[in-house]
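These protein sequences, in sequence, are chains A and B.
The opening residue of the first sequence carries number 89 in my numbering; numbering runs sequentially from there.
The opening residue of the second sequence carries number 199 in my numbering; numbering runs sequentially from there.
These are computed hints drawn from the structure, not numbers from a lab.
Don't be surprised by glycine CBs; every beta carbon is placed ideally from N, CA and C.
Mixed in with the good hints, there may be bad ones.
[Claimed, not checked] If you only want the chain B side, here are some residues facing chain A, beta carbon under 10 angstroms, derived:
1. 233
2. 240
3. 248
4. 252
5. 267
6. 304
7. 312
8. 317
9. 424
10. 427
11. 430
12. 486
13. 507
14. 508
15. 511
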Amino acid sequence: MAFSPTSRQLRQVAALAILVGLAIGAATVLGAARLPRADFVLNNATEIQSMDPHTVTGIPEGRVMRAIYEGLTVKHPQTLEALPGMAESWEVSDDGLHYRFHMRAGATWSDGEVIDAHDFEYSWRRLVSPETAAEYAYQLWCVEGAEAFTLLPDDRQYRALDGTWWQVVAPGRYRVGFSAFSTNRHGQPLHRESATPPSWDGRFPFNPGAAKLDVWTFHKWYPYGVFHRFHAEGAPGPIVANEVPPDSRSEMRSGMYDEHWVCEVEPTLEELATLQLLSAAEFRDVAWRKEVGVKASPDGTTLDVTLRKPTPYFLDLCAFYPFFPVSSKAIARAQERWPSSWRIEWLRPEHLVSNGPYRVAFRRVNDRIRLEKSPSYWDADRIAFDTIDLLAVDHLGTSLNLYLTGEVDWIDRPIAGVIPRLLPREDFNPAPYLGSYFYRVNVNEPPFDDVRVRRALALTIDRRAVCERITKSGERPSYSIVPRSLAGYTGGEMRRSTSEATYEENFAKDLEEAKRLLTEAGYGEGGGEFPTFEILYNTDQTHKDIAEVLADSWSKQLGINAKTLNQEWKVYLDSQRSLDFQISRSAWIGDYLDANSFLDMWMTGNENNRTGWGNARYDELIRAAASEPDVAARQRLFDEAETILMEELPVLPIYDYTSRNLANPRLGGFAGNALDEHFPKFWYWMDDAELAEKRATQPDDWVQVPARGPSEGKYPPAGRDAVQRCIPPGALR
Amino acid sequence: MLRFLARRLLWFAITLFVVVTVSFFLMRAVRGGPFDGERALNPAIEANLQARYHLDWPQWKQYLAYVGPFNLDDEGPEFMGGNGDRPFSGVLAGDFGPSFKYRDFTVNDIIGQSLPISAALGSIALAWALILGLGAGVASALWRGTRTDVALRLLATTGIALPNFVIAGFLVILFVFLIPLLPVAGYGSPAHLLLPGFALGAPFAAYIARLTRTGMLEVLHQDYIRTARAKGLPERLVILRHALKGGILPVISYLGPATAGILTGSLVIERIFAIPGTGSHFVNSALNRDYTLAMGVTILYTVLVYGLNMLVDLAYTLLDPRIDLEDPS
Numbered sequence: 089m090a091f092s093p094t095s096r097q098l099r100q101v102a103a104l105a106i107l108v109g110l111a112i113g114a115a116t117v118l119g120a121a122r123l124p125r126a127d128f129v130l131n132n133a134t135e136i137q138s139m140d141p142h143t144v145t146g147i148p149e150g151r152v153m154r155a156i157y158e159g160l161t162v163k164h165p166q167t168l169e170a171l172p173g174m175a176e177s178w179e180v181s182d183d184g185l186h187y188r189f190h191m192r193a194g195a196t197w198s199d200g201e202v203i204d205a206h207d208f209e210y211s212w213r214r215l216v217s218p219e220t221a222a223e224y225a226y227q228l229w230c231v232e233g234a235e236a237f238t239l240l241p242d243d244r245q246y247r248a249l250d251g252t253w254w255q256v257v258a259p260g261r262y263r264v265g266f267s268a269f270s271t272n273r274h275g276q277p278l279h280r281e282s283a284t285p286p287s288w289d290g291r292f293p294f295n296p297g298a299a300k301l302d303v304w305t306f307h308k309w310y311p312y313g314v315f316h317r318f319h320a321e322g323a324p325g326p327i328v329a330n331e332v333p334p335d336s337r338s339e340m341r342s343g344m345y346d347e348h349w350v351c352e353v354e355p356t357l358e359e360l361a362t363l364q365l366l367s368a369a370e371f372r373d374v375a376w377r378k379e380v381g382v383k384a385s386p387d388g389t390t391l392d393v394t395l396r397k398p399t400p401y402f403l404d405l406c407a408f409y410p411f412f413p414v415s416s417k418a419i420a421r422a423q424e425r426w427p428s429s430w431r432i433e434w435l436r437p438e439h440l441v442s443n444g445p446y447r448v449a450f451r452r453v454n455d456r457i458r459l460e461k462s463p464s465y466w467d468a469d470r471i472a473f474d475t476i477d478l479l480a481v482d483h484l485g486t487s488l489n490l491y492l493t494g495e496v497d498w499i500d501r502p503i504a505g506v507i508p509r510l511l512p513r514e515d516f517n518p519a520p521y522l523g524s525y526f527y528r529v530n531v532n533e534p535p536f537d538d539v540r541v542r543r544a545l546a547l548t549i550d551r552r553a554v555c556e557r558i559t560k561s562g563e564r565p566s567y568s569i570v571p572r573s574l575a576g577y578t579g580g581e582m583r584r585s586t587s588e589a590t591y592e593e594n595f596a597k598d599l600e601e602a603k604r605l606l607t608e609a610g611y612g613e614g615g616g617e618f619p620t621f622e623i624l625y626n627t628d629q630t631h632k633d634i635a636e637v638l639a640d641s642w643s644k645q646l647g648i649n650a651k652t653l654n655q656e657w658k659v660y661l662d663s664q665r666s667l668d669f670q671i672s673r674s675a676w677i678g679d680y681l682d683a684n685s686f687l688d689m690w691m692t693g694n695e696n697n698r699t700g701w702g703n704a705r706y707d708e709l710i711r712a713a714a715s716e717p718d719v720a721a722r723q724r725l726f727d728e729a730e731t732i733l734m735e736e737l738p739v740l741p742i743y744d745y746t747s748r749n750l751a752n753p754r755l756g757g758f759a760g761n762a763l764d765e766h767f768p769k770f771w772y773w774m775d776d777a778e779l780a781e782k783r784a785t786q787p788d789d790w791v792q793v794p795a796r797g798p799s800e801g802k803y804p805p806a807g808r809d810a811v812q813r814c815i816p817p818g819a820l821r
Numbered sequence: 199m200l201r202f203l204a205r206r207l208l209w210f211a212i213t214l215f216v217v218v219t220v221s222f223f224l225m226r227a228v229r230g231g232p233f234d235g236e237r238a239l240n241p242a243i244e245a246n247l248q249a250r251y252h253l254d255w256p257q258w259k260q261y262l263a264y265v266g267p268f269n270l271d272d273e274g275p276e277f278m279g280g281n282g283d284r285p286f287s288g289v290l291a292g293d294f295g296p297s298f299k300y301r302d303f304t305v306n307d308i309i310g311q312s313l314p315i316s317a318a319l320g321s322i323a324l325a326w327a328l329i330l331g332l333g334a335g336v337a338s339a340l341w342r343g344t345r346t347d348v349a350l351r352l353l354a355t356t357g358i359a360l361p362n363f364v365i366a367g368f369l370v371i372l373f374v375f376l377i378p379l380l381p382v383a384g385y386g387s388p389a390h391l392l393l394p395g396f397a398l399g400a401p402f403a404a405y406i407a408r409l410t411r412t413g414m415l416e417v418l419h420q421d422y423i424r425t426a427r428a429k430g431l432p433e434r435l436v437i438l439r440h441a442l443k444g445g446i447l448p449v450i451s452y453l454g455p456a457t458a459g460i461l462t463g464s465l466v467i468e469r470i471f472a473i474p475g476t477g478s479h480f481v482n483s484a485l486n487r488d489y490t491l492a493m494g495v496t497i498l499y500t501v502l503v504y505g506l507n508m509l510v511d512l513a514y515t516l517l518d519p520r521i522d523l524e525d526p527s
C-alpha cells in the first residue's frame, strides 16, 4: 500500500479524534441546553403521558392541561365553585337536565382560529368516540346517549333506512357467529333452537326465491336494544340487522353466546337493494346527531347539553380536563400533512394548538415542559407569569432540595420523614384532600368471608396512631369510605364506641368488642387457629410502615398472624384485579366533589370493586341515587348505602388524605382545596405589602421562610393590582 | 484486522438477535401491562387501546412486527392513524416504535433526545475517572510506600466501597448546602454536570488508580525502563513516554467494563440529579411496562457495550505492537 501510517501516527490521530469528538459533543449538548429561569417553576413529579386532554389520566397531566387548555368553566382556587371560562354564562333548567352555555365571543385558538360551541361539540364527541380510546370517556356518560355512543363498534359498515337504523356487517366478518337458524331455498327454517320465542310465527325474513341463503346470526348487546345480524351469502346487498325495541325481546342462552331472539319482520331482498349505504363515519354522525344530547347552535354561540339524569356536579366536570377542547382544524391539518404519524405530530409543541392561558414553548422528555403566556388567550393581559416550567423530577429528595435551594417554587409532596420539621413553616399548609386510604379485604377467602372477622380487624386499627406517628400531616382518622373533606356530606360511619370521654377509652372498648367478635367467629381463645395472611402493599415506605404497625397490633391484640407483602406497582395492580390477595392496601382519589365517586365503585361486579363483595340493596340505593334530583333525598340514599358498606366492611377505612403542598409564600391566587386542583391563570407574585398583610393574618408561631419574588428583582413585578380582576371575589386563605 | 472485524461483527449480530428475542418475550411474561392503572378501564375502551398498539395480536406476530422490516399493519388508515400505508417498519427499518407510556413520542425521539445528554454525562464521568485515576495511580506508583501512596490507596478503597449515590449525597451536602457553589440538580448548564459527573466517575477513578499503580509497578522493573534511564532520558519522559504505555494496558482493558458500569451507574445518578438521560428511561420503562422503550434502550445498551469492547480490543494493538489481534493468545 502506498499510504501506510505508522502505528504511532495512528495512535495520535485516534487520540486527537476522540478528544475533538468529545469536546464537540459536550459543547453542542451543553451549549444548546442553556435556558433562562422561568418566572415560575413547579415540580410536576413525572413526565406526562400526552398533551392530548382526552387520552390522559393523572394528576401531573391535569396540571399541564389546566395551563394550556381551558374548558367551559374554571374553578375558584379555594372554593372550587365553577366560574366562567370559555362559557361566559349558562342557564340550567329546573329539572337539572338541560344546560345552555353561552360561548365567549372573540375567543380564539392559539393559531388565531375562532373557538366556539362547534369546537366543544367536536371535542366532547372525540372524548366519547371509541377510536379515541379515552380512559375518562365515562365522565361524559352523564350526558344523554353518550355511553351508547362510546360502546358503538367503529369498524363496521352501516346503513340507514328512513330513520330506523339498520346495522350492516361486512360479509365474512362474523363467521364465528352461532347459527340460530338457517333456511332452505323455500324459506323454511332448517335448524331451530329448542326454545321458541313466544311471538315468532315461523316466517323467515328473506325472500327465498332470490338465491341460496345461508344465515348466521351474531348477537351483541347494545344499550340501544338488540342488533340482530344476518349474513346473506349470495345476496346483492350485505347483511342487515334491525333495532329491536327492548320490550319485544325474550332471552335464550345457548353455547358461548347470549342469544337474544328478535321477533320483528325483516326486510325483503328488494328492500335491501334500496337501502342507502353509509360508511361507519356517517353512521356515527347519524348516531351522534340523533341520540347524544350535545348540540351546538349553527352560529356557534350556544351549546345545549342534555343530561341523562340530574348531575349536580356537571359544571365542575366542565372544568375537568377530559372536557377540554381540541382544535378540529389542527387535527385535520395534521392528518393531511402526516398521514402515517399524525397522532404524534399534532401534539408536538411546534404544532400544538390550544386555547388556554399558556402554550407550549419547549418540551424535553424527563426534564421539563416550558410554557409561555399565550397572547391569543382572551384574558392574556391579566396573566401574571410570562413563562412557567413544569419539571419532571420524580426523586422526592431531589425535589425537596430543589425547593429548598429556590430552584423550584412549588412541590406537591415532600419526603415523609421531613414533614415534622416542615409543619411549623408558613409555606407548608396541609389541607384536607378528597382521598381515602383504606384496606381492601378479599371477602371470597375464608376467614374474611365472615363479617365479624372483618369488623374485629377494623375495630383494632389504631387510626390516631397511624395519623400522628406515621403520616404526620394532619390526616383525619376515617371511619367511612367517603372522606369528610367533602363539604356538606354526612354519611354512614362505622359503628364504634363513642360514649367514653377520651379516644383511648373508646379504643379500649372497641378492642374488647373485637376480641368478643373474634371468639364468636370461632377464633381466639379456645377457638380455631386463625390462618396467617398477607397484607399486600405497593412499594413505598409509608405503606410499609402502616402495614407493619397494623400487623403488629393485630398480632398483639387479637393473636392473629399477619405478614406484609411488598409488590411493585403494576404487579400489585394485577394482584388486586385478579383477587390474588387477602388484605391489600388501597386508596381512592375522587375526581369530582360528589360522594358518588367513592360509592359507585362498590356495586356488585364493578371493575373497581376488587373485593368480591356485593349487596343487592346497596346496588339499588346507588342506582336510585344516580337518578334522584332532590339533593336531600339523594343524601339520604347515600347515607343508607354507606351505612350498609360500613356494616359489612369489605374495606377497612383508615384515614382521609391531606394535600401536602410546599409553595413559595409569595404565590398569590393559590390555595389548598379539597381536590388539590389549581388553575395557573390566577397565579401571581405578591409584592412586599401584600405579603406582609398575609403574614399579619397568620398565627405567630409559624416560621417565616425567605420568599423570593419581585423585591429581589428576579421576576417581573406584578403586584396585586395588576391582576386583581383575575381573582374572583372572596378572600383566599 | 479485517477478519477480526468481520468475526466480531458476526458475533455482534448474533448477540443482538438473542438479546432482542429473549428480552421481548421475557418482558411480556411479567405480570402487569402498560395500560394497567388504579382505575380499571372499561373493557371496550381497553380493547381499543390494546388494538391500537397491537397487543391483541399473538406474541409471535408482535415480535415479527417489532423486528420488521415489513409492516404487518393491515388496518386501514382511519383506525390505526395510517400506519398501514408504510411498507417498512420495525427495528430493521430503523423504527423502534411508539412509546406506550409517553404517547407523544416515538422511541426514536426519546432516545434521540436523551442519548446526547447521557453521553455528555458519561464522557465527563469518564474524563474525571481517567484524570483522577491515572494521576493518582502514577503518583502512587512513583512514591510507592510513602504516606502519599498510603493515603491515595485509602481514598481509592473508599471510592470503590462507597456506592455512587452515597458519594453523590456527600457532594450535595458539601458543594450545594455548605458551600453554595453548584446547582443541586437539573440540566441546563455545564455547572449542572460537574457534580453528577464526579459522583458517577469516582468509583471508577478509584479502580483505575489501583490498576494503574499495579501496571506501573510491573513496568517500572522492566529492562527497557532501565535502558531508558541509562540513556539519560529525563525521568518525566521515562514515565510518560515509556512506562505509562505499559501501565495503561490494564486500564484499557478495564475501560470496557468501566463504560458499561458508567452506563448502569448513570441510572441512579441521573435520578438523583434529575438529568434527562437514557438511564432514567431504562428503569421507568420497565416499571411502566413500556415495552417498546424498554426494548429500545436495551438494544442501545447492547450496541454500546459491545461496540466499546470492540474498540478496546482495537486499541490494544495500537498501544502494544506485541499484541496481534489474529493471534488467539
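Here's how the hints hold up against the structure:
1. 233: The hint holds - residue 233(B) has a Cβ within 10 angstroms of chain A, the shortest such distance being about 8 angstroms.
2. 240: Holds - the Cβ of residue 240(B) comes within 10 angstroms of chain A, reaching about 6 angstroms at its closest.
3. 248: holds (9 angstroms)
4. 252: Constraint on residue 252(B) not satisfied, violated at 13 angstroms.
5. 267: Hint on residue 267(B): violated, closest Cβ of chain A at ~16 angstroms, above 10 angstroms.
6. 304: holds (6 angstroms)
7. 312: holds (7 angstroms)
8. 317: holds (6 angstroms)
9. 424: violated (23 angstroms)
10. 427: Constraint on residue 427(B) not satisfied, violated at 22 angstroms.
11. 430: violated (22 angstroms)
12. 486: With Cβ-Cβ at 8 angstroms, under 10 angstroms, it holds.
13. 507: violated (16 angstroms)
14. 508: Where the cut-off is 10 angstroms and the nearest Cβ of chain A is about 14 angstroms from residue 508(B), the hint is violated.
15. 511: Since chain A brings no Cβ nearer than about 14 angstroms to residue 511(B), farther than 10 angstroms, the hint is violated.
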